[in-house]
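Enquirer: Please build the complex by placing chain B on the supplied structure of chain A, with the hints as guidance.
Chain order of the listed sequences is A and B. Numbering (this note's numbering) for the first sequence: 1 to 188. Numbering (this note's numbering) for the second sequence: 1 to 184.
Certain hints may be false.
Said to hold, decoys possible - For each label pair, taking beta carbons as the anchor points, the in silico distance ranges come out as:
#, chain 1, residue 1, chain 2, residue 2, range
1, B, S97, A, D63, 30 to 38 Å
2, A, D186, B, K182, 36 to 44 Å
3, B, E80, A, Q96, 24 to 32 Å
As the list claims (entries may be wrong) - Once the Cα atoms are required to be at most 35 Å apart in a straight line, the calculated DSBU-like pairs of lysine-lysine come out as:
#, chain 1, residue 1, chain 2, residue 2
4, A, K171, B, K182
5, A, K118, B, K25
6, A, K104, B, K99
7, A, K91, B, K25
8, A, K118, B, K182
9, A, K102, A, K91
10, A, K115, B, K25
11, B, K99, B, K182
12, B, K182, A, K102
13, A, K115, B, K99
14, A, K104, A, K118
15, B, K99, A, K118
16, A, K115, B, K182
17, B, K99, A, K102
Since the hints were made in silico from the structure, they are not lab data. We treat Cβ as the ideally placed atom computed from N, Cα and C, and that holds for glycine.
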Amino acid sequence: MPHIPLPAGIPGIRGPMNYSPETAGPMNELANVLLRTNAHRPDSTLTEGERELIATYVSSENDCYFCQTIHGAVASHHLGDEDWSLVYSVKSDYQQAAVSGKLKALLTIARSVQKGGKHVTADQIAAARAEGATDRDIHDTVLIAAAFCMFNRYVDGLATTAPVDAPDFYKMRAAGVVANGYAANDPK
Amino acid sequence: MAHIQLNNDAPGIRSLVLYRPDTGKPLYELAQALLRAGSPDSTLTDAERELVAAYVSGLNCTSFCRNSHAAASRYLYGQERDLVDQVLADPETAEISDKLRALLAIARQVADDARAVSEAQTRRARTEGATDGDIHDTVLIAASFCMYNRYVDGLATLTPTEPAAYEAMGERMGTLGYVLPKPQ
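One chain only, chain A, in its complex shape (with noise of 0.2 Å):
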């Protein structure tokens, strides 16, 4: 049961978003900005599926089971990955999984951060350089993971509920997640 009465029947994030909707509103802008906007600047080459991805990872190291399901669909959702399968292997073993050399690298400083900031090495820097990230890249990297440090603690934090053994919920919301955004409410 969830710390603070929250209201019943949403799952996940968007039942504190419910409640507090003065800090909601930022929270949503920057996941916003960070997994879809940033995609498409020019210096940029970090697609929304492979921002997702990165969320996704964070959240299972993290132990977030809404947030590593509902940002794994919406990663799929981008990829292709009808089976969760990619998601799976990147959560398990992101070094064995089929993605570029460059979100290898990124993802290897994503841990770091959610570890703590100065795990984060001049050396890992240096390795996502050599693959093609951009400072861009690097910087969304390093503020995707930390802002899911926040996101998946709140989550926790409060024990809100989130539905298990649910795929068609979580492809349903990643549907509309990638058709309107972050956002607390579904558009009327």
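Expert: Frame of chain A; chain B shown alone:
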């Protein structure tokens, strides 16, 4: 030296929001909403909110955020400013309310492992007078500083060492709040 070319010589998170105002805008708006406004039923003062932020940043070993938010909290506490260093040294012995002590324990749990925030911890806070909004705001302040700290350290931004630099920042944060810096 920062891990990427930021094209400015501002310290800490200011260098990052100058570099990327598009992400800086929601990051500062979130800080303003959490550290200056808060939930409608919340009993936490601005000084206490800044103290939760400084305490979590200390746990995460991010000196820039710890020192700047501690300075803002000292500025806002005024004559009671000594409480800030008491809490940073040990919240259990600091001369603060038992409500704030209970909320700081929740903040510490969120930073360490948010899945383990317990009903016993939230009950203790409620017994001492914490409202739903206090618990919500404490969890999200702690969670958001687990982001801000990682952002500042993960890109190896500039961390001033002289205490006077933080005193000036604390006064600015205490008077103006969180306003995006103008491009240099």
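Enquirer: Is the gap between the beta carbons of B:S97 and A:D63 within 30 to 38 Å?
Expert: With a Cβ separation near 33 Å, B:S97 and A:D63 satisfy 30 to 38 Å, so the hint holds.
Enquirer: A:K91 and B:K25 were given as a pair; does the straight-line alpha-carbon distance stay at or below 35 Å?
Expert: 31 Å, holds
Enquirer: What's the verdict on A:K115 and B:K99, does the C-alpha distance respect the 35 Å limit or exceed it?
Expert: Roughly 30 Å separates the two Cα atoms, so the pair holds.
Enquirer: Given the hint that A:K104 pairs with A:K118, test it: the Cα-Cα distance must not exceed 35 Å.
Expert: 19 Å, holds
Enquirer: Given the hint of 36 to 44 Å, check if A:D186 and B:K182 actually sit that far apart at their C-beta atoms.
Expert: 38 Å, holds
Enquirer: Within a Cα-Cα threshold of 35 Å, do B:K99 and B:K182 meet the stated pairing?
Expert: Roughly 38 Å separates the two Cα atoms, so the pair is violated.
Enquirer: Holds or violated: are the alpha carbons of A:K118 and B:K25 at most 35 Å from each other?
Expert: Given pair A:K118, B:K25 holds - Cα atoms ~24 Å apart, limit 35 Å.
Enquirer: Is the straight-line distance between the alpha-carbon of B:K99 and that of A:K102 35 Å or less?
Expert: 48 Å, violated
Enquirer: So if I understand the rule, the pair passes when the alpha-carbon distance is 35 Å or less; does A:K115 with B:K182 pass?
Expert: 32 Å, holds
Enquirer: Within 35 Å, alpha carbon to alpha carbon, are A:K102 and A:K91?
Expert: 17 Å, holds
Enquirer: Keeping to a limit of 35 Å between CA atoms, is the pair of A:K104 and B:K99 held or broken?
Expert: 45 Å, violated
Enquirer: For the pair supplied as a hint, A:K171 and B:K182, is the alpha-carbon distance within the 35 Å limit?
Expert: Status violated; Cα separation ~42 Å.
Hints 3, 4, 6, 11, 17 from the list above are not met by this structure, while the remaining hints are.
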